[in-house]
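Peer 1: With the sequences and hints as input, model every part of the structure.
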Amino acid sequence: MTLAPPRPDVGRARTTGPDSEPLAEPNASAPRPPAPPPEHYQRYHIDTRHMPDRADLPTRFRVEVNRFELAKLLFKEIREYWGDWDVVLSRPCVYGVFSGPVGGFAPRPHLCVGCLRCTIQHPEAVTIRRNPQWQAWGDEYLKPAMVETLQQEAALGAVPVKGQGYRGRMGGPGWDGIWTDMSEIVRPTRDGIHGRETISTVVDLGAKPMYLRFDAAGMPAGETPAVSQVQLPMVLDMPPVHAMTPTIAAIWAATAHDLQTLALLPLRVMREEGLSGSQLVPVVGPGLGDPAGLAELARAPRMVEITDAALADEVRAAAPAAQVALRLPFAPGWRDALLGAIAQGLRVIHLTADYHGRGDGAFIRDLVIEAHTLLVEQGLRDQVTLIGGGGVVMAEHVPKAIICGLDAVSLDTPLLLALQFQPDGSMESRETARFVAPPGLEGDTDWGVQRLKNLCCAWRDQLLEILGAMGIREVRRLRGELGRAMFQEDLQREAFGGIDGFGD
Amino acid sequence: MASATEIKAASPTLVAKVTHYLHDGYRDRSAGVIEEPPALGDARWTDQLILSGWYMAEHGHSPEFREHRTGASGGGFDRLRFKFERDALFAADAAGAEAESARAAVDMSLVLNRRDTARKLTIKVPWYGGGMSFGSVSENVMVSRARAAKAWGTLTCTGEGGYPAGLNPYADHVITQVATGLFGVREETIQAAPIVEFKYAQGAKPGLGGHLLGDKSTTSVAQIRESVPWVSLFSPFPFHSVYSVEDHKKHIDWARTINPDALISVKVSTPTDVDMVAVGSYYAGAHIIHLDGSYGGTGAAPEIAKKNIAMPIEYAIPRVHKHLEKEGIRDQVTLIASGGIRTAFDVAKSIALGADGCVLGTSELVAMGCTRCSNCERGRGCPFGLTTTDPELQEWVQPDWGAMRLGNMYAAFDRQLREICRRCDLPSIAALRGRTDLLRFVAEGE
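Chains as they are written, first to last, in the numbering used here: chain A, 15 to 518; chain B, 920 to 1365.
Fair warning: there could be bad hints in the mix.
[Unchecked claim] Straight-line C-alpha distance at most 27 Å; calculated DSSO-like pairs for lysine-lysine:
id, chain 1, residue 1, chain 2, residue 2
1, B, K1039, B, K1245
2, B, K936, A, K86
3, B, K936, A, K90
4, B, K1039, B, K1168
5, B, K1245, B, K1168
6, B, K1241, B, K1002
7, A, K90, B, K927
Simulated from the structure, these hints should not be mistaken for laboratory data.
If you're wondering where the values come from, they're calculated on a predicted model, not measured in any experiment.
Peer 2: This is the structure:
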């Protein structure tokens, strides 16, 4: 079907008010206005491309074949089905585990999906076990299944889809204790097949004026608000100290550029690597870089992050056009520090928990709700952008964090795992987390950039699924929508509150 | 694109060989004759539950040597027990003629129409089969389910994929589903249906619509759906003709114009306002409100949706039940729960929380050999012949065998539910509705 190009003349005529001239009927013989040239058409899109694994990762299952029993089985079947070679040669695996040159005598466990048909059919010959190496992936927060999901998302750039229902525990602590709402009949827009096609994931960063003023000539008066936009509610946080290399810095910078979002890097690293640009946010503070160094960047940043509010004036002097953001850990005293920073004129606050989502005795979910509610109560929420990070490791955590009150999230460990860094011990903080880099990564930024773009595309698409189900057409409207979230403790109290033993 | 027409149907010898091995495997693994598969099961469907499902499908009663009542999900049904359940394992076969007689006396019927419109319809057990479309499962599986439904005086459902000819002999026991893609919806199948089910949403993928991958859209599937073979099919969300309760009523009126005798079931997911959705559906004319909780099964769905969108059924049932009571309409509508109903105990707990009955899906597939491996959507489909239309693989489930397995599982469920009612001193399963006083909430692992 060919659609007629938009007709702005008709659209303008119909927007006239009730006192205006009667609407003129469009003249069918009048020439159509020229359609905008196709080269000017732009739509946000992340290019995904299959980017195979670089590291040799553990398989999910171990395939153990008893070769003696297998030989016996083959001998028996050859005798029983002599001449019916399709029957003799039929294998109990449709995924190719036993389809190598010597069949079951050299199984291929990387193809095993754990259907277990082989072991149901031939228990004497085949045993499928969960691989302990796979089960040891990640750490106590980032579980093996999460790591595997991240790897798949980074390799394919697609939303993980599987058959059957949910297999995990019911609810749980932290993010798992939230279910998002849906609507039976409302969708984001009546356009498109699902209405998801036009959902916006753009977020604003910076000071938002509460009202506009105009001068006598009708032109906007006063200071222009320093708001910038990113196409995703996700920014790339500083890599862990022990993973920071020139290649990682380059991957961060190029990924942020391609995704039209922001990457945070220590100013010191940016200077050393000669990196600059509007997608890069230099982080200034002890050990990260001195504000004076901002002047040495080839291109002025649009945002600078500081680790101490006292640095704000110095940064403003060094980079007057840049928005100043404060990195504020969820440590004791963060509430006062948050309100103090806003009083000082800072309008972007980057709240951080550790890599397990912990801070000030609580989980980031509850801390973000508290921060958001605090600003709402103070009448400040719409003047401030809240970015948050730490413990956001799966796609579902992004919409949940935004529902709790963030405008955008910062990504940390998932980016490293997408690049197939192997955790070396528990990944608890930026300062202490240690990793083993995948072989051959140094110097190959293209592979890394594509893996991160794939990951972010998969996460964005999953965000669209959540927004589509809720009937929300832009992510900005999701912020703080706690009424569209269901918390396990509330649901459980409501459902089971009167049952004996509940609350004991 | 690979065409499944290149894959030959299995020869009778091959079918005999594979089914022989599989049937022996289900029997011996579930009976404990050989080691339990070490990689079987997950938190919701533990290895014990899956093996219990196979055992019940083999023997017609529950295995008293393994945990067949609850899983290990740490919440919902798995934290609820009936107060009489103090023993480590539950014996549905309490000895003695008196117990047998008491079990036999329990009325297990479920009234589906509590309004003055349409036919009166009562099924003999408090459950029926959920929608599984032709395409997501094979015709053999659909026919197996329909035969079992007929034998047990209950129902099964087409899902959104049309009405294969094999279902015609069982038409009185087949619900026709009308979902957003309207695949396979025809006037004649609505005219033949005892119940027309409008699927607004599905628990496993609430608000996302449906998706049949191209590899499973074989020529026969495409023919029934009137689509192009080997092309992915989308059921968009939501109904594009429904934006209000009034639109919803028009939908129901349309179906009732075609078949005034059919009951109308409205299948919805479990959003925050599920109670209001239920009331709206009732006033639009629904006879059955079917709540599909977020842990329900599917042929393919984004993992993010299964885990995170909409509330689990355990929480939705009491919310809707109480709200319908408050509105004074509870006894005019039948409340059906699905989406995570695994065992007879889940059925009983759902009813105790406020449902009238349940819809089964995954538990039926488990009875026919499903290992819950979650690869239904991959390539040729299910290697056990369930969620597939592959010409070879679908032969692993033959309707005679499938119906026998389901009938046995139904028998085991029936016996357990009767015993639960007997132990609770209830004359009927209907008397269990809303009896949360018979339940207790337990610590995890108890």
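Peer 1: Run every hint past the structure and note whether it holds.
Peer 2: Right, here's what the structure says about each hint:
Distance check on the hinted pair: K1039(B) and K1245(B) sit about 25 Å apart at the alpha-carbon level, within 27 Å; holds. A distance of roughly 16 Å separates the Cα atoms of K936(B) and K86(A); the hinted pair therefore holds under the 27 Å criterion. For the hint linking K936(B) to K90(A), the alpha-carbon distance of about 12 Å falls within 27 Å, and the restraint holds. A C-alpha spacing of about 21 Å is found between K1039(B) and K1168(B), which places the hinted pair at or below 27 Å, so the restraint holds.
For a cut-off of 27 Å, the pair hint linking K1245(B) to K1168(B) stands: about 22 Å separates their Cα positions. Pair hint K1241(B) plus K1002(B) holds up; C-alpha atoms about 22 Å apart against a cutoff of 27 Å. Note on K90(A) and K927(B): the hinted pairing holds, with a Cα-Cα distance of about 25 Å set against a maximum of 27 Å.
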